[in-house]
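All chains, full assembly: derive it from the sequences and hints.
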Amino acid sequence: MQPEAAFISVEQADGRGFFLIKELRNASPRTNVIAVAQEYWFGAELMKLRISGYVTQGLTKEKVIEEMENLRYRE
Numbered sequence: 396m397q398p399e400a401a402f403i404s405v406e407q408a409d410g411r412g413f414f415l416i417k418e419l420r421n422a423s424p425r426t427n428v429i430a431v432a433q434e435y436w437f438g439a440e441l442m443k444l445r446i447s448g449y450v451t452q453g454l455t456k457e458k459v460i461e462e463m464e465n466l467r468y469r470e
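For the sequence shown, our numbering begins at 396 and goes up steadily by one.
Because the hints were derived from the structure by calculation, they are not lab data. Hints should not be assumed to be uniformly reliable.
[Said to hold, decoys possible] When the alpha-carbon atoms are kept at most 25 Å apart in a straight line, the in silico DSS-like pairs for lysine-lysine are as follows: (1) LYS417 with LYS443; (2) LYS458 with LYS443; (3) LYS417 with LYS458.
[Claimed, not checked] Pair by pair, the computed Cβ-Cβ distance ranges are: (4) ARG469 with ASP409: 29 to 39 Å; (5) MET396 with GLN452: 12 to 22 Å; (6) ALA439 with GLU418: 16 to 26 Å; (7) ASN465 with LYS443: 15 to 25 Å; (8) GLY410 with ARG445: 13 to 23 Å; (9) GLU470 with GLU434: 25 to 35 Å; (10) ARG411 with THR451: 15 to 25 Å; (11) VAL459 with TYR435: 27 to 37 Å.
Ideal Cβ positions, reconstructed from N, Cα and C, are used throughout, including at glycine.
In structure tokens form, the structure reads like this:
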């Protein structure tokens, strides 16, 4: 069973979050991945991986609800 969504931080300078997203997309292609950062990081590269969303300026309840209502992949 694949998770419906994963919120993953991409703020690490070493790119750890980006590589985690890349691994998750390969292992679980229909999991909705939402990148999280204070500012945009790896924007073009993440869009090529078909992420479902990108949250900036803090993760709030309202932003999570909005992302969950607009997922790319639905079961």
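Structure-based check of each hint:
no. : hint                           : in the structure
1   : LYS417 with LYS443             : holds, 10 Å
2   : LYS458 with LYS443             : holds, 22 Å
3   : LYS417 with LYS458             : holds, 23 Å
4   : ARG469 with ASP409: 29 to 39 Å : holds, 33 Å
5   : MET396 with GLN452: 12 to 22 Å : violated, 32 Å
6   : ALA439 with GLU418: 16 to 26 Å : holds, 19 Å
7   : ASN465 with LYS443: 15 to 25 Å : holds, 19 Å
8   : GLY410 with ARG445: 13 to 23 Å : holds, 18 Å
9   : GLU470 with GLU434: 25 to 35 Å : holds, 32 Å
10  : ARG411 with THR451: 15 to 25 Å : holds, 18 Å
11  : VAL459 with TYR435: 27 to 37 Å : violated, 18 Å
Taken one by one, the earlier hints fail for this structure at numbers 5, 11, listed in ascending order.
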